[in-house]
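Peer 1: Residue numbers (the numbering used here), protein chains in the order written: chain A, 1 to 146; chain B, 1001 to 1223; chain C, 2001 to 2314.
Since the hints were derived computationally from the structure, they do not count as laboratory data. Treat the hints with care, since some could be wrong.
[What the hints assert, rightly or not] As a list, the in silico EDC-like pairs of lysine to aspartate or glutamate whose alpha-carbon atoms are at most 16 Å apart:
{"no.": "1", "chain 1": "B", "residue 1": "Lys1007", "chain 2": "A", "residue 2": "Glu100"}
{"no.": "2", "chain 1": "C", "residue 1": "Lys2269", "chain 2": "C", "residue 2": "Glu2300"}
{"no.": "3", "chain 1": "C", "residue 1": "Lys2037", "chain 2": "C", "residue 2": "Glu2293"}
{"no.": "4", "chain 1": "C", "residue 1": "Lys2115", "chain 2": "B", "residue 2": "Asp1173"}
{"no.": "5", "chain 1": "A", "residue 1": "Lys40", "chain 2": "A", "residue 2": "Glu13"}
{"no.": "6", "chain 1": "C", "residue 1": "Lys2121", "chain 2": "C", "residue 2": "Glu2300"}
{"no.": "7", "chain 1": "A", "residue 1": "Lys59", "chain 2": "A", "residue 2": "Glu42"}
{"no.": "8", "chain 1": "B", "residue 1": "Lys1056", "chain 2": "A", "residue 2": "Asp99"}
{"no.": "9", "chain 1": "A", "residue 1": "Lys59", "chain 2": "B", "residue 2": "Asp1173"}
{"no.": "10", "chain 1": "C", "residue 1": "Lys2189", "chain 2": "B", "residue 2": "Glu1194"}
[Stated by the list, open to error] Reference listing, derived: stretches of chain B covered by chain C, where coverage requires no fewer than 3 residues with Cβ under 8 Å from a Cβ of chain C:
{"no.": "11", "segment": "1116-1124"}
{"no.": "12", "segment": "1155-1164"}
{"no.": "13", "segment": "1169-1181"}
[What the hints assert, rightly or not] Computed beta-carbon distance windows for the label pairs:
{"no.": "14", "chain 1": "A", "residue 1": "Lys30", "chain 2": "B", "residue 2": "Trp1073", "range": "33 to 41 Å"}
{"no.": "15", "chain 1": "B", "residue 1": "Gly1168", "chain 2": "C", "residue 2": "Lys2255", "range": "24 to 32 Å"}
{"no.": "16", "chain 1": "A", "residue 1": "Thr82", "chain 2": "C", "residue 2": "Ala2030", "range": "57 to 65 Å"}
{"no.": "17", "chain 1": "B", "residue 1": "Leu1127", "chain 2": "C", "residue 2": "Asn2242", "range": "20 to 28 Å"}
{"no.": "18", "chain 1": "B", "residue 1": "Ser1206", "chain 2": "C", "residue 2": "Gly2217", "range": "34 to 42 Å"}
{"no.": "19", "chain 1": "B", "residue 1": "Cys1132", "chain 2": "C", "residue 2": "Asp2072", "range": "36 to 44 Å"}
{"no.": "20", "chain 1": "B", "residue 1": "Arg1215", "chain 2": "C", "residue 2": "Gly2006", "range": "49 to 57 Å"}
All residues carry an ideal CB built from backbone N, CA and C; glycine is no exception.
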Amino acid sequence: MDSKIDKGKFEPEMVVLFCQHCMGKDEDPKAALNKISGLKAEFLIMPCSSKVETSHMVKILADGADGLLVVGCKTDRCRFLTGSTMAEKRVDYARGLLDEIRMGVDRLRMERGEELSCLQMMALVQSQADAVRALGPNPMKGAKKR
Amino acid sequence: MIIGEWKPIEEIVTMLDKHKNVLLVGCATCMAECSAGGEKEVETLAPLLRMAMKVKGRTINIYTKTLERQCEWEFIEELTPIIPKVEAVLSLACGIGVQAIAERFPEVRVYPGVNTTSLAIREEPGLWAVRCEACGDCMLAETFGLCPIARCAKGLLNGPCGGTRNDGKCEVDENVDCVWKLIVERASACGRIEDLMNIRKAKQWSHSSHGGQKRMLREDLRP
Amino acid sequence: MRLRVGTRLENILQEGHFAVTVEVGPPRGANPDVMRKKADLLRGCADAFNVTDNQTAVVRMSSLGGAKILLDEGLEPVMQMTVRDRNRIALQSDLLGAWALGLRNCLCISGDHQKAGAQGKLKGHPGAKNVYDVDSIQLISILKNLGDKAVQEGGDSLDEPAPFFIGAAWTPFAPPEDFRVIRLAKKIKAGADFIQTQAVFDVARFKSSMEKAHKMGLTEKAAILAGIIVPKSAGMLRYMNNNVPGVDVPEDLIKRLKSAKDTQTEAVKITIELIEAVRFIPGVKGVHLQAIEAEEMLPEIIKKAGLLPRPKIA
Ligand code: SF4
Ligand code: SF4
Chain A
1 MDSKIDKGKF
11 EPEMVVLFCQ
21 HCMGKDEDPK
31 AALNKISGLK
41 AEFLIMPCSS
51 KVETSHMVKI
61 LADGADGLLV
71 VGCKTDRCRF
81 LTGSTMAEKR
91 VDYARGLLDE
101 IRMGVDRLRM
111 ERGEELSCLQ
121 MMALVQSQAD
131 AVRALGPNPM
141 KGAKKR
Chain B
1001 MIIGEWKPIE
1011 EIVTMLDKHK
1021 NVLLVGCATC
1031 MAECSAGGEK
1041 EVETLAPLLR
1051 MAMKVKGRTI
1061 NIYTKTLERQ
1071 CEWEFIEELT
1081 PIIPKVEAVL
1091 SLACGIGVQA
1101 IAERFPEVRV
1111 YPGVNTTSLA
1121 IREEPGLWAV
1131 RCEACGDCML
1141 AETFGLCPIA
1151 RCAKGLLNGP
1161 CGGTRNDGKC
1171 EVDENVDCVW
1181 KLIVERASAC
1191 GRIEDLMNIR
1201 KAKQWSHSSH
1211 GGQKRMLRED
1221 LRP
Chain C
2001 MRLRVGTRLE
2011 NILQEGHFAV
2021 TVEVGPPRGA
2031 NPDVMRKKAD
2041 LLRGCADAFN
2051 VTDNQTAVVR
2061 MSSLGGAKIL
2071 LDEGLEPVMQ
2081 MTVRDRNRIA
2091 LQSDLLGAWA
2101 LGLRNCLCIS
2111 GDHQKAGAQG
2121 KLKGHPGAKN
2131 VYDVDSIQLI
2141 SILKNLGDKA
2151 VQEGGDSLDE
2161 PAPFFIGAAW
2171 TPFAPPEDFR
2181 VIRLAKKIKA
2191 GADFIQTQAV
2201 FDVARFKSSM
2211 EKAHKMGLTE
2221 KAAILAGIIV
2231 PKSAGMLRYM
2241 NNNVPGVDVP
2251 EDLIKRLKSA
2261 KDTQTEAVKI
2271 TIELIEAVRF
2281 IPGVKGVHLQ
2291 AIEAEEMLPE
2301 IIKKAGLLPR
2311 PKIA
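Just need the whole structure built from these sequences, with the hints factored in.
Peer 2: Right under this line is the structure:
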């Protein structure tokens, strides 16, 4: 790891996995992103947050993302009833793994929302990015073979 | 099925310390069923190990492969093209699979990624519990289909010890039913409690691993 | 009636005296004086003295060694033997050795699982490999055959028989409760001569268990000694009620000890009342007293209960 990196200036690359139901119908997070300077995030939409597997989350981080945010529906609003609960359990499990290898648990987090506006979504990403910033860049940066 | 669970990552990382190219092999049978060594787990552990190594300032190249069954020679053959590229194999099979690979490919180091724990059933999603200990002299007929060897912490053959908790759980684990309580209940349900009056003699453990290495030979099946 | 073994305990029971046995825990160390001091303290207070076998799976001086020290001090020991740590080879060999050293009473029990030790203040050896080659009932059968037939479990014969006065434990209240008396019957059928029960606090409940045993004819076939633990504090009673399987302490008793001005005096009183209460339950042939880490309380209790001096035997 390069210790000379100024953590204040480091802008984490985020990946956001979100359930299609937790954002408002006409919201386009990618468009909104461009309006916020500095914030780097890739948005991946899922039919339900429960589709996220531990292996996906670990792989995204192993491929170099600095932080990963999973956004699911509120517990009682999940279209698949227990989908977002299952997602949360998997996120917790994966966080345990990150802890075990001392990668920093806060690189991965789950948030819940309902009919989120772009602005609200960006606030979630921003707050997760702040947590990740404290951890510094992912040592795996650039690992992904393209 | 056979069940097992991942070894602590730290232990795996230490085992692989000297290697640069490693093959991580899963098994799509028991270890997949118990979520310890199927394809999903292989594809989770591989990136996780890459990160774990990186955190320690090292890089490792991990090949992955999940075999149908790691305890059958014909499936193990599928590894032949990959073996020359690696110095070590990390197996997520039960101990049988690990040993089969070690036997087939003596030129590479083979490490277990899983602690094999028992012969069990999936009681509920995410919950497995022991059912058999392969004692070689099955007594389920006398215990109404519940095994006191595997499921009683003391392997008692003549009824419950004095330690059964008030709620019917075992003295050793508050989450596990005292199997003798269950046996008695099932015997009563069949109206056969008197069957449990017989004193069962000391067991002949010679049929189990206590009697030495087990082999099974069937001449009629041999080439 | 002919004596099977001829121990003092057997004599007392056979002559119809109300027997008293007490428990003596060996030290966590090798100093024989600890056992000798306990012997001095308790000499003459009981007919026989149980020496525990690595209770709660915490390593202590062996019951065989401890029992031999008591014997040398003129006390009659009951060597406890669990099946947790020794297979049938070691059990039988130790039995023969014990017999050769003059030990004649043996209590056969399953023993606390080695993980139990880890639950207390001490570390114990939760990582130990246990044995449980035979169970407590099978151990009773082994003793029976060593004595009656002079044969070992595997079928080989002994040069001469090694008869023991055989004891077993009974936990009448643990679930499955209906089966507990059947298990007692199995122990007696296997050869148990005397029975020491788990601690009794709920006398009424114990009485009804005894009635069941009596109806099955078990009280005729073996001598049942009611287990009584000296309640040192209300906290201890509460703990036992909640955590010790098969021990059921009535709430009133806990309250009574809690509100007592002098706990120790009240504890002595309660113990004496319990002794008197179980004494008149048909089939109860004696008491087995335990004062865990408070053995010094026993002489006073036994005296006040009117059980001293212990009868002489012919
Ligand atoms: S009795 Fe033996 S073979 Fe039968 S289930 Fe139990 S351990 Fe397995
Ligand atoms: S409580 Fe039941 S299952 Fe547990 S050791 Fe005792 S008899 Fe066996």
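Peer 1: Indicate, hint by hint, whether the structure satisfies it.
Peer 2: These are the hints, each one checked on the structure:
The hinted pair formed by lysine 1007 of chain B and glutamate 100 of chain A meets the criterion: a straight-line CA distance of about 12 Å does not exceed 16 Å. For the suggested pair lysine 2269 of chain C and glutamate 2300 of chain C, the alpha carbons sit about 11 Å apart, so the restraint of at most 16 Å is met. Between lysine 2037 of chain C and glutamate 2293 of chain C, the direct Cα distance comes to roughly 13 Å. Compliance with the 16 Å bound is thereby established for this hinted pair. At most 16 Å may separate the alpha-carbon atoms for a hinted pair to count; lysine 2115 of chain C and aspartate 1173 of chain B meet this at roughly 9 Å.
For the hint linking lysine 40 of chain A to glutamate 13 of chain A, the alpha-carbon distance of about 5 Å falls within 16 Å, and the restraint holds. Note on lysine 2121 of chain C and glutamate 2300 of chain C: the hinted pairing is violated, with a Cα-Cα distance of about 29 Å set against a maximum of 16 Å. For the suggested pair lysine 59 of chain A and glutamate 42 of chain A, the alpha carbons sit about 15 Å apart, so the restraint of at most 16 Å is met. Pair hint lysine 1056 of chain B plus aspartate 99 of chain A holds up; C-alpha atoms about 14 Å apart against a cutoff of 16 Å.
In summary, the hint linking lysine 59 of chain A to aspartate 1173 of chain B is not supported, as the alpha carbons are separated by about 37 Å, beyond the 16 Å threshold. With a C-alpha separation of about 14 Å, the suggested pair lysine 2189 of chain C and glutamate 1194 of chain B falls inside the 16 Å cut-off, and the hint holds. A count of 0 residues in the segment 1116-1124 of chain B with a Cβ less than 8 Å from any Cβ of chain C is obtained; the coverage claim is therefore unmet, three being the minimum. Remark: the segment 1155-1164 of chain B is confirmed as covered by chain C, as 10 of its residues place a Cβ nearer than 8 Å to a Cβ of that chain, reaching the required three.
A stretch counts as covered by a chain when three or more of its residues have a beta carbon under 8 Å from one of that chain; for the segment 1169-1181 of chain B and chain C the count is 5, and the coverage holds. Between lysine 30 of chain A and tryptophan 1073 of chain B the CB atoms are about 52 Å apart, so this pair departs from the stated range of 33 to 41 Å. For glycine 1168 of chain B and lysine 2255 of chain C, the hinted distance range of 24 to 32 Å is satisfied, since their beta carbons lie about 28 Å from each other. The hint said 57 to 65 Å for the Cβ distance between threonine 82 of chain A and alanine 2030 of chain C, and at roughly 60 Å that hint holds.
Take leucine 1127 of chain B and asparagine 2242 of chain C: their Cβ atoms lie about 26 Å apart, and the range 20 to 28 Å holds. Between serine 1206 of chain B and glycine 2217 of chain C the Cβ separation comes to about 37 Å, which falls inside the hinted range of 34 to 42 Å. Taking the beta carbon of each, cysteine 1132 of chain B and aspartate 2072 of chain C are about 49 Å apart, not inside 36 to 44 Å as hinted. Taken as a hint, the range 49 to 57 Å holds for the pair arginine 1215 of chain B and glycine 2006 of chain C, whose Cβ atoms sit roughly 51 Å apart.
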